[in-house]
Amino acid sequence: MKIDEKFRDLQEKGEGALIGFVTAGDPTLEDTVDIIDSLIKGGVDILELGLPFSDPIADGVVIQKASERSLKAGMNPDLYFQIAGEITSDVPKVCLTYYNLVLQRGLERFIRDCRNSDISGLIVPDLPIEEATPLLEACRKHDVDFIFLVAPTTMEDRLQKILDEASGFLYVISVLGVTGARDEFSESINPTLRRIKKLSPEIPLAVGFGISKPEHVKGILRAGAQGAIVGSAFVKIIDGNRSDIGNAKEKIKELCRELKNATRDI
Amino acid sequence: MSLPDEHGKFIEYGGKFAPEVLMPAIEELERGFRRYVKDPGFRRDLGYYLEEFAGRPTPLYYAENLSKKVGGAKIYLKREDLVHGGAHKLNNTLGQALLAKKMGKERVIAETGAGQHGVATAIAAAALDLDCEVYMGTDDMERQKLNVFRMDLMNAEIIPVESGSCTLKDAINEAMRDWLANVETTHYLIGSIVGPHPYPLMVREFQRIIGEETRKQIIDKEGVLPDYIVACVGGGSNAIGIFHEFLGDEVGLVGVEAGGRGIESGEHGATLCAGTSGVLHGTCSKLLQDRYGQIKISYSIAAGLDYPGVGPELSYLAEKGRLEVTSVTDDEALEAFKLLSREEGIVPALESAHAVYHAVELGEELDEDKTIIVNLSGRGDKDVSVVAEALGVKL
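These protein sequence lines map, in sequence, to chains A and B. No gaps in the numbering here: position 25 of the first sequence is 25 in our numbering, and each next residue is one more. In our numbering, each number is its position in the second sequence, counted from 1, plus 1000.
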């Protein structure tokens, strides 16, 4: 399913989107399939699947460790696309990775592999719009959404350039810093959302970084976003239950349900 | 055409591959740098600190004993080891710290491998009254205890980095994460010609004084330009610092990388010799990586050369054929370390010893009317315990 269709469906139902992230291959290649299944059964609307990089500068310690576990388990782009292609669900899938992995595979080939594995979107946190043109062309050619990140520090001129090229949804970073669950969710996202909406009322906005609780999700959707992105909170469950993956799966499903419920009554 | 271009590109190398959060700060830095680099007040302040505080200009010393021993070309040493702090690093940290201050930042952060950049940042921050935190891999902290203590004495806070390989590349990752969170108050003071544009340009600008002085000094002493200039290459700041002034001349430029335990062993830091193109830490350059693009762990006895990337400008110059690249192993560097100490009474940094070794090899093949300049980028006091251990000597 395409990402924009998903957002339209949800809008008709009066719901926000829950976007759930895990690193593919964490903690092992076998367990990752079950963990993805738990997110889908828990009601995730969009699945964001990390392809791990050795030097993930935009990630906090939780996802860094997940990347290390996954690489140690033998994850690589070949296996990644295989695992992604075998997910039988119409939940749209988004790949998150760093630019060097895309570059080494070849831009065209990477995007073609996304398409063939039914991946609808791509997020590359170390690729700003200045350097994105060749990859954007490949994405358009194969009908894969390139999902841009926008930060509270992104001023109007940059924002406009990004909005001109954006498709799927916009990944709005809630706070300055790296990924990772935070107890308090910053209210400072509101002005950022308003600034974007003013320039582009159309594109769905999904807020990420530091979101771990149903009240965070509610807060974000009430502030005018269309989706909430949760990653480190799920990955933490994996990390804490490595000796009992059955337990991790249950807890992930449970958290996913709670977060999804929070998207329903805004 | 002068490079980098307006996008920070050295043809296909360089650029700004940074997270969106940092882009406004990078743009602000570029504006600040372009404004102040030409500002007479800024140049005057920087000139003052370079002369009165750092001890510039540094001598260009004719290593007569070494040259005679080699029995070939005349070998000169550009004595960056005599810069305050013990390495060329202070040229850049004074420039960037002064710039950070002009731009209203209160805090600087830095990464360090050998500790020389960390020490130089701590010195500049103390002199210019800025808060200073230095990220350092725990492996490097172990190898460079002396420098860790020196930074502490100068009121810098050391933040141990335990992720990945616990060396320079991981310290850069952590410093970038810090910058992501504190971008509004903090300047990230990168120590080499790596990172997103404008860093490779800016660090070159602050280091090129080495080559400017060298040109005048060699003309004074020899009446002609040298035949070769040799410098060690980790990220490449001392190399570009001395090379840049001579890019348009008929002077052979040689970059010497860390051969570690030998290129064929896979344990080395010879990125230009053995790497492939890719993107790491904000820039496109040669990298040590596997076929999927995962970054390999580099190795060298010299912590300052232990980095799986290299400055984009050096990748460009090497590919263009303007820069010759070679590598020198740990054992060879140790040999040169002992040789220079014994012959000249100068204990070089292990990093610089790589360049000395190659200069000696090159000198043997050349006639006596040829000249070679070695950029002696740092002094070896910091390495004494590592060298003693490698030689089986108990201190």
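Hints may contain errors.
As the list claims (entries may be wrong) - Derived DSS-like pairs (lysine-lysine); straight-line CA-CA distance at most 27 Å:
1. B:Lys1068 <-> B:Lys1338
2. B:Lys1009 <-> A:Lys161
3. B:Lys1296 <-> A:Lys72
4. A:Lys72 <-> A:Lys251
Derived from the structure by calculation, the hints contain no laboratory data.
**OP:** If any of the earlier hints don't hold here, list their numbers in rising order.
**Re:** none
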